[in-house]
Structure formats: C-alpha cells, structure tokens
Amino acid sequence: MEQRNKNIIIGGLLAVLVVMAVGYAAFATQLNINGIANIESRWDVHIQSIDEGSPSGTAANVKTDVEQDRLKAMFECTFKSPGDSITYTVEVKNEGNLNAVLDNIVFSEEENPAITYSYDGINISDELPATESRQFTVTVTYNPAVTSQPAVITEALTMTLSYSQKEA
Amino acid sequence: MEQRNKNLFIGGLLAIVLVMAVGYAAFATQLNINGTATIESRWEVKITDISVSGDPTGTATSKSSAVTEGNLAATFESELVAPGDSVTYNVTVENTGTLPAKLNAITFNQTNNGTGTAEAGDAVENQGTSYEGDNAIVYSYTGISVNSTLAAANDSDTDKVTFQVTVTYNDKIKTQPDAKQLKSNLKMVLSYVQADA
Numbered sequence: 001m002e003q004r005n006k007n008i009i010i011g012g013l014l015a016v017l018v019v020m021a022v023g024y025a026a027f028a029t030q031l032n033i034n035g036i037a038n039i040e041s042r043w044d045v046h047i048q049s050i051d052e053g054s055p056s057g058t059a060a061n062v063k064t065d066v067e068q069d070r071l072k073a074m075f076e077c078t079f080k081s082p083g084d085s086i087t088y089t090v091e092v093k094n095e096g097n098l099n100a101v102l103d104n105i106v107f108s109e110e111e112n113p114a115i116t117y118s119y120d121g122i123n124i125s126d127e128l129p130a131t132e133s134r135q136f137t138v139t140v141t142y143n144p145a146v147t148s149q150p151a152v153i154t155e156a157l158t159m160t161l162s163y164s165q166k167e168a
Numbered sequence: 001m002e003q004r005n006k007n008l009f010i011g012g013l014l015a016i017v018l019v020m021a022v023g024y025a026a027f028a029t030q031l032n033i034n035g036t037a038t039i040e041s042r043w044e045v046k047i048t049d050i051s052v053s054g055d056p057t058g059t060a061t062s063k064s065s066a067v068t069e070g071n072l073a074a075t076f077e078s079e080l081v082a083p084g085d086s087v088t089y090n091v092t093v094e095n096t097g098t099l100p101a102k103l104n105a106i107t108f109n110q111t112n113n114g115t116g117t118a119e120a121g122d123a124v125e126n127q128g129t130s131y132e133g134d135n136a137i138v139y140s141y142t143g144i145s146v147n148s149t150l151a152a153a154n155d156s157d158t159d160k161v162t163f164q165v166t167v168t169y170n171d172k173i174k175t176q177p178d179a180k181q182l183k184s185n186l187k188m189v190l191s192y193v194q195a196d197a
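Protein sequence lines correspond, in order, to chains D and C. All letters in the first sequence, in the order written, are residues 1 to 168 by our numbering. All letters in the second sequence, in the order written, are residues 1 to 197 by our numbering.
Bear in mind the hints are in silico, worked out from the structure with no lab data behind them. Ideal placement from N, C-alpha and C gives every residue a C-beta, glycine not left out. Misleading hints may appear alongside valid ones.
Stretch by stretch, here's where chain D covers chain C in the computed footprint (C-beta under 8 Å, at least three residues) [claimed, not checked]:
| hint | stretch |
| --- | --- |
| 1 | 26-32 |
| 2 | 35-46 |
With a straight-line Cα cutoff of 30 Å, these simulated BS3-like cross-link-like pairs (lysine-lysine) come out [to be verified]:
| hint | chain 1 | residue 1 | chain 2 | residue 2 |
| --- | --- | --- | --- | --- |
| 3 | C | Lys102 | D | Lys80 |
| 4 | D | Lys80 | C | Lys160 |
| 5 | D | Lys93 | D | Lys63 |
| 6 | C | Lys160 | C | Lys63 |
| 7 | C | Lys172 | C | Lys160 |
| 8 | C | Lys102 | C | Lys174 |
| 9 | C | Lys46 | D | Lys80 |
| 10 | C | Lys172 | C | Lys46 |
| 11 | C | Lys102 | C | Lys180 |
Model the full structure from these sequences, guided by the hints.
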C-alpha cells in the first residue's frame, strides 16, 4: 500500500511536470519589433566669412581668418591717428535644416580708452532660419578724443554669439 | 495609499527630470569673433635743448636755462643791468615721434611782476614778434611761426627747429623803472598738432 501511494505520488508529480513543460512549451511565441531610426535633421550654424575690412583714415587691416571648424573668426588691424577706424563684415550662416535663434551676445568690456569697439546689425533674439545667412559689422576705432600718446597701444576684443535651436 | 502617493510623486519627478534633460540637450552653438587692434604710431614732440645764443649784450647775464617737465617745458632766468642789455636763448623743438606735426598756435604772454599781464598778443604768423610799450623788460622771438611743420623723426633735420627767444632791457627807458617792472615773467606756449598726411 505504501509503495502504491508512492507510485501514485511519483506519477502525479511526473504528470505535473509534463503539464508544466508542455504548458511552458505551449503557446510561446517570440514577437520581434525591428526598427530603424534616422536623424534627418542637421544642425549647422557657423561663421561663413569675415571680410578684409573697410578702413578709414590711416587704419589698416593686417589679417582676417575663419578657423577650420568655422566656429571662430579673427581679425588684426593697426591705427596711426586718432579717429582711424576699420569696419569688418561678418557673415553667419545656418547650413542646417533646423531654425536657429540668437540667445545671447557677449561683447568683451573695453579696458583701453584709446581703442573702442562696437557692433551693428545683429541683436539678441534674431532668428536665423535654416539655409539662410546674416551679416553684421564690427567696428574698431582709435578714439578721436585722444590728444596724447596712449600708454597702452593694444586692445583685444572677444565677441561670442550663442545660437540655439529655435522652438518649433 | 500613502505608498501609492509616494510612487506617483516619484514617477512625476522622474518625468520632469527627463523632460528637462531633453530640453537642455537641444542643439546650441557658440560662435566667437576675436580681434586685436594695435596703435603703431607714436606722437612725441618735445623741447630738447635751451642754451644761450652767443654772448649776452651789454652787461646782461644768463643765470640759468634748462629743459624741464619731461621735455615739455624750458625755463631761463637772466639778469639785465642797463637799458639795451639783452640775452638771447636758442630753443630746440624736436619731433621724435612717427607722425608729422604742425605748429597750430603760439601764445606769448609777458607778466610784469605786480602790474598784471602785459600780453604780447594772440598767436601770430609773423616771426620776430615783440612787445614794447612802456615795459622795462621786453621779450621777443624769431625763427618759428604758426603753420610751420616738423617731419616725423628722421636723420635729415626736418624733424627739428631751433628758434630764438630774446629778453631785452627796453632801450627806450630813460629813468629808473617802477619797482613792479623790475621783474618780468614770460610764458610762451607752442601748440603742436598732428599734421595732415
């Protein structure tokens, strides 16, 4: 009797196992979701060019350049007489397909009163739509109010334009 | 319920953080324009010398003469004894800068000690300006004129000029001058400006 009960138990367990295996093996399907994602947008706002400047008086351009990454431009100029000035035209271009907006302009503070800088033609919140470009000017002047030889004869400028993606 | 509320709150915070991260990560570019301006000229016109020219006339003597104040001024002191005495000084002005200069104005003012200012007149173009009148001491200058120019520093001497200033005991004086006329100061100012290129 005891052996029969054991056999019944074993058989029952085996049956449960079979059911479980079958149950596990039954109705099992793998569903596959395959996807491909492409970034179709392109963000590309850069400095397209800086010209050689329009001098007045005895001002002279030494050189201008746009770096290879097109994120930096530079210029060098010289002056001889108070009142000399030179104006550079800078072109910024949006060659991407996302609209951009100018969030901020940072213009370095002048430390040498003999040399002054100014800019024109660009303002915070200006939009730069995709594929379009904008030009603005930067002017450097030998202060015409100077009447004696300045103690400091150089002045550096840093102008930073912060563009971001325009909200749709 | 309290646990459920906490879970909802945490879930909401996570959602907010996710949105913020996505929003900050939107495209942004900084463009830099760097410039350097240099003044390559030098403006420097100065007095480089003052000295007695020749011998004083009569019994006059020169007590001192010197260039002072960073070469922007020159001084002299002379003593006169008898009418007709005079001392002449050579004054040299030099352009040691890189810009040509033009003499825009000359002022020549004489002050008799205690009698106020005896002006010799405004800037004039003619050389040899002098002031006489009743003054016992008379000043005059020659060898320099308004609109004369000094070339930028060079080796050909076109960048300098030497002119003369003379102080004279007025030979028209026949009696002992008033005590207030026994001392007289001269102030001569040369105003140079940058000449047109």
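The hints, checked one at a time:
no., hint, in the structure
1, 26-32, "holds (count 7)"
2, 35-46, "holds (count 10)"
3, C:Lys102 - D:Lys80, "16 Å, holds"
4, D:Lys80 - C:Lys160, "21 Å, holds"
5, D:Lys93 - D:Lys63, "21 Å, holds"
6, C:Lys160 - C:Lys63, "26 Å, holds"
7, C:Lys172 - C:Lys160, "35 Å, violated"
8, C:Lys102 - C:Lys174, "42 Å, violated"
9, C:Lys46 - D:Lys80, "19 Å, holds"
10, C:Lys172 - C:Lys46, "36 Å, violated"
11, C:Lys102 - C:Lys180, "37 Å, violated"
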